[in-house]
Structures are given as C-alpha cells and as structure tokens.
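Novice: All chains, full assembly: derive it from the sequences and hints.
So the protein lines, in turn, are chains A and B.
Residue 392 in this note's numbering is what sits at position 300 of the first sequence, and the numbering runs on without skipping anything.
Residue 418 in this note's numbering is what sits at position 326 of the second sequence, and the numbering runs on without skipping anything.
Among the hints, a few may not be true.
Chain A side only, calculated, beta carbon under 8 angstroms to chain B, not exhaustive [claimed, not checked]:
1. Arg137
2. Ala177
3. Phe178
4. Glu181
5. Val187
6. Gln224
7. Gly281
8. Gly285
9. Ala289
10. Leu394
11. Leu396
12. Cys415
13. Gly426
List time: in silico DMTMM-like cross-link candidates among lysine to aspartate or glutamate, alpha-carbon distance up to 25 angstroms [unchecked claim]:
14. A/Lys173 with A/Glu230
15. B/Lys386 with A/Glu387
16. A/Lys386 with B/Glu387
17. A/Lys173 with A/Glu232
18. A/Lys153 with A/Asp364
19. A/Lys173 with B/Glu429
20. B/Lys173 with B/Asp287
21. B/Lys386 with B/Asp249
22. B/Lys153 with B/Asp140
Because the hints were derived from the structure by calculation, they are not lab data.
All residues carry an ideal CB built from backbone N, CA and C; glycine is no exception.
Protein chains: 2
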Amino acid sequence: MTIALQSLSDFRAALQALPVPDAAAMAAARARDAQLTKPPGALGRLEDLAVWMAGWQGREKPVADRPQVVIFAGNHGVVAKGVSAFPAEVTVQMVANFRAGGAAINQLSRQFGAQMSVEEIDLDRPTRDFTQAPAMDEAELLAALNRGWEAVDPKADLLVVGEMGIGNTTSAAAICAALLGGEGAQWVGRGTGVDDAGLTRKAAVVDDGLRCHAGAIGDPLRVLQCLGGREIAAMTGAIARARLLRIPVILDGFICCSAALVLERMVAGALDHCLAGHESAETAHPRVLAALGKEPILSLRLRLGEGSGAALAIAIVQGALACHGGMATFGEAGIAEG
Amino acid sequence: MTIALQSLSDFRAALQALPVPDAAAMAAARARDAQLTKPPGALGRLEDLAVWMAGWQGREKPVADRPQVVIFAGNHGVVAKGVSAFPAEVTVQMVANFRAGGAAINQLSRQFGAQMSVEEIDLDRPTRDFTQAPAMDEAELLAALNRGWEAVDPKADLLVVGEMGIGNTTSAAAICAALLGGEGAQWVGRGTGVDDAGLTRKAAVVDDGLRCHAGAIGDPLRVLQCLGGREIAAMTGAIARARLLRIPVILDGFICCSAALVLERMVAGALDHCLAGHESAETAHPRVLAALGKEPILSLRLRLGEGSGAALAIAIVQGALACHGGMATFGEAGIAEG
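Specialist: The following block contains the structure:
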C-alpha cells in the first residue's frame, strides 16, 4: 500500500531523510569487476554503471529485469499563447495512442522488457496560463506530486519517467530559468518544432512568467507550482519516491530534467539515484545536464520526450549488468591476469 | 553453400561489383517515418538508422531479429617484442572463455538476442614478426580472408565482427599508419593496458614495420598481408562478404576499424553498409572513424574489443527498428499533424 503525501510539508520533509547508496555493495561490485575476464577498466562506463546500480540496489550483482516506464500527461494553459507547433488536443490523442500501443515509447518499452503505464492528469483542466497566475494552486500541485509518488512500482528495479503535454517545453524552460538564472531566450528551444516566430513567443512567455512569479524564485517547490505543469510535478514526485524506495532512475530529456532539477535545488544530492539517459536535441538540455552534473549515456539527437531517450538507455544499463553479473572471473576461466 | 575465394584476385574482383542500397526501400521507409506519430525528426538518429537499414535490407520495415556476432582470434609474432600487457597464451585462454560463455561478448550477445560464434585461426602458428618479414604469406592471407568470408551467415540481418588476439592493437596501428600516414607514435595506444615503456616499444615496432614494408604501402591488401594478423584479415573478409550479401555491419573498435579501413582504401565506398558502433577509448580510434567518415552510435569509453561496443549498439539499432516498424501513423491513431 502506498502512503500518499498529505501535504506539501510532507513532501519537503520526505526529502530531508534520503537513503544513500550501499557502500558495502558497491565495494563488493568493484571487487567483482576487478576479477572479471577483461583488462581492468576495459568496459569503460559499463563498469561504472554496474557499480552504481549495485549501490542503489544494495547487492553485488544488480539487475534490470523489471524496468518500469511511466508516462505522465498534462495540459498547459500557456498553449493559448501560441507556444507549440501542435494543438492542445494532441495531448489526449497521444494518450490514446500510448494506450493503443502505437507510440515510440510503447515500442522501446516492449523491446527492452519494461512494463509501461500512462497517467493522464486532468487533461480537461489545463494548468492556468502562468503569465497571469500560478499554474497550479497548492492542492493541485500536491495532487500532481501524489500521482507521481503513487505511480512508482516498489518492485521495479529501474525507473523511467516520461511525459506528454503540448506546451510543456515552455513550462520546463520557465522552471530552468527560474532555478538556474537567465532569460527566456536562453532556455527555450523548438520543442516539437515551432518556427522562429514561435520561438520568440516562447521566450516572451517565459519572461512574462518569471516577472509574474518573481517572488517564488527562491523556493523550488513554489517555482514548480507557479511555472510547472501537472505532468512535470508528477515526474518530480515519482523521482523523489524512487529515491525513498532506492530505485535507480534514468532521466529523459529537457522536461524530465526540469522536473528533476526542482528536487536537486530543494536538496543537493537528491538526484544521486539518477542517471542521465541521453542528451537531447532540445537546445538547453545540455546546460541542464551540466547543472545537474550528469553525463548522458546516449547522444542521438532525440527530442521526442515520452521517456524515449531514457528507455533506450535501459538497454545500455542491461548490457552493463549482463556483463557484470554473467562474466567469468579470471579464476573461474583459468586465465592469466595482465 | 559458401563459395570460397580461390585467390586474392578473386577478392579484389569481388570488390569491383558491390551492391548498393535499395533506393526505393529507403524512400518508402522515409515516407513511412514522416507519417509516424511524432514530430518530424524527433527520433533523431534513430530515424536515420531505420532508413539506412531499409536500404540495405531492401524493405520498408527492416528488422534486426537475427543479429550475428562472430569473433575471430589470432596470434601475433610481434608479441615477442613486448608490445602487450598480457602474455600470448591469453588468446587461447580467452577463446576457451568465449566457448564457455564467460566473456563480455557472450553476455551482450545473449542480452540482445544475437547468435555468437568463435573462429580461432591457427593460434599455435602466430603471424611472423612484421618488423622482420611479412606477417603472412599470400596463402595465409587468403586463408584468413576466407575464414571471415565463410563465417557470415547469409540469413543474418545484422553483423558484428569482433576479435581477440594479444598484440593486435600494434598490428592495427601499423595498418592505420601505413594507410593513413603518420608515425607509429601517432597510432599506438595502451591496448589492454601497457605502461609508458610498452607504449614506446609499440611505436618503435610500428615504425620498424613501416620501414620493413615500405614497398607495400600503396596496396592496401598487401598492407594487410605484411602488417596485419589472421583475425584482422578474417574481419576484412567477413565485412566484404556481408556487403555482397547486403547484410548491414556494425563496426567495433580500433582493430575492427583497421580491418575495415583496408576495404575502404581498396574501393572507396566499400564500407557504405557499415555503421560505427562506438568510439572506443583506444587513442587513435576517433581518428580512424573520422577517416572513414563514420559517426559512432555510442561513446562509453570501452576498450575491450571482442565486438563488445558494436554488440551494445545492436540494442540501439533494435530500438530504432522497433519504433520504425511498430509505431502507429497519424492516420491510424487519429492524431492531428503539427
């Protein structure tokens, strides 16, 4: 049974007591790695991934046999400002596509053995236009955090959180600008493919949002409430819950990372259980990754969202763990060490 | 039944009539991609991979359900010059490890559904020390090319060729220096982990080899004969055969790319059916990739060989093809296009 958050204070309090990686399991994994039939370090980043996973899962031979992919969907009031190349109804249409199995994330989840679910959050009730008012009130933010919090399967051994929400790169850009500084123009990108005029509108909308909520900027959770979206807040909630459950998370692109950034700014180190799955083609994503201190596993110019880049990285983690768990040691194989 | 090469002239002749990608299949794949439920271009490099695979497999929806991994193993006379951190007997020990299922490539092959086989080539008969004589005579080169040629499964839908051979980064460096110019020091790296003194010895050995075979440098196939190894020549043969069978190939690291480079220098465009699976941590590998005009799919600091980096990239190709083949179109999903 999941115990939902009763208040935003509950959420803030939960972040004050975060579990840390199991040092003994990491040491055991490192010792095992040193005995595997390969030159030391020859599997490069795969070795680091295996040891890191060992720490979070608390075992010498970590696994990624039960990855979970959860997609959160929400609608955004700022879409009325012309910030997206697609109309708002595409959010609900894409949710139907997820349920029918027709989206990219369905194929990637199936390919890499992940269970996938979709959580649509009040699609008929977009957030308020954040240039005019806070996107959500406190109760709405809490409800969205809880949707993410409760969506995490405690039995999952790896988590990907993805999103769908026409207009949400604008919201993500506003969150990044508020938490990392700079103007709208430095954080907006083409999203699903806006033209130059759309890009200019996005930057202006972000700047208007920053002005409207200048008083919130010192408090990351209020930034999320004022400038975020329901699906973004749900990702924030899910990433936090995964930490409490010691489930490693693979972060996706710009929007997912904006949700994660809220946690990191609330409590430094809150994303220690997260990998950067990929560097996306959305302009500002590399800068968010740099701010989070995360090196992406993949860099394949994806800019789709839906958790697609992170889902692709599941395969790399699985490859790393297959090597770590399945390889013979020098002793077992009777091979001379270098 | 495989028709083996009767002579080196057969091999040269085979490269004069190479099949090209199926333009109609590529156009069909591109048209399909444009209809899939995502913004145009949003799957980035995955889209290019799917269209490229369509061209080589000659179908709108290419597959990677039967990937083949072949590991070639050979021994090198130059090991006597102290160019490796591991003794030569490790080659045969690692072959036993491949057969027992204990190496990294076994785990990766299993994880991504590839059939894997090992071809050991005269391990008790190392190539000659190339600082003194051609590494192979013509008959030995032909035999090695044929081992690769015959190892390719005509039913495979994707091929990875890997290698094991203590000393073979020295051989690969010599091939690259001969075909791309420069001195030994510019092409040698730490391989399985030689120290500074070993690195200096490797560079000197390469320079000695280049001097000894200066007359061969204008003919890539003679370069392979004089400076290569049996497993390297087998990879050259396998990559060429795959082209004739229109089977796409994922190239591995520095040694595999040196084998591929021989083909590219024999006939420009001979590697059009090859992807670069990864950029390895071996010093000169990025420069070989640049010379081949190939952008690596992954960059995870692997430096193991065995086809491991390429095998990991199988998963990315599979992810790309799963999306391309399995996603709904806008029409099927009833979604408004942007």
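Novice: Given the hinted pair A/Lys386 and B/Glu387, is their alpha-carbon gap at most 25 angstroms?
Specialist: Since the Cα atoms of A/Lys386 and B/Glu387 sit roughly 23 angstroms apart, the hinted pair holds (cutoff 25 angstroms).
Novice: Is the straight-line distance between the alpha-carbon of A/Lys173 and that of A/Glu232 25 angstroms or less?
Specialist: 22 angstroms, holds
Novice: With 8 angstroms as the cut and Cβ atoms as the points, is A/Arg137 at the interface with chain B?
Specialist: 4 angstroms, holds
Novice: Given A/Ala289 was flagged as interface, is its beta-carbon under 8 angstroms from a beta-carbon of chain B?
Specialist: Since chain B brings no Cβ nearer than about 15 angstroms to A/Ala289, farther than 8 angstroms, the hint is violated.
Novice: Is the interface hint satisfied for A/Gly281? The criterion is a beta-carbon contact with chain B at less than 8 angstroms.
Specialist: Interface hint status for A/Gly281: violated (12 angstroms vs cutoff 8 angstroms).
Novice: Restraint: A/Ala177 near chain B, CB-CB cut 8 angstroms. Satisfied or not?
Specialist: 4 angstroms, holds
Novice: Identify whether the interface hint at A/Leu394 stands, where standing means a beta carbon of chain B within less than 8 angstroms of its own.
Specialist: This interface hint holds because 4 angstroms falls under the 8 angstroms limit.
Novice: Hey, B/Lys386 versus A/Glu387, does the alpha-carbon distance stay inside 25 angstroms?
Specialist: Within the cut-off at roughly 23 angstroms; holds.
Novice: Does the interface hint hold: is A/Val187 within less than 8 angstroms of chain B, judged Cβ to Cβ?
Specialist: Constraint on A/Val187 not satisfied, violated at 11 angstroms.
Novice: Is the straight-line distance between the alpha-carbon of A/Lys173 and that of B/Glu429 25 angstroms or less?
Specialist: 19 angstroms, holds
Novice: Quickly compare the C-alpha distance for A/Lys173 and A/Glu230 to 25 angstroms and report which way the hint goes.
Specialist: Holds, at roughly 24 angstroms.
Novice: Does the interface hint hold: is A/Gly285 within less than 8 angstroms of chain B, judged Cβ to Cβ?
Specialist: Hint holds; A/Gly285 Cβ to chain B Cβ min 5 angstroms, cut 8 angstroms.
The structure does not agree with the numbered hints 5, 6, 7, 9 stated previously, though it agrees with the rest.
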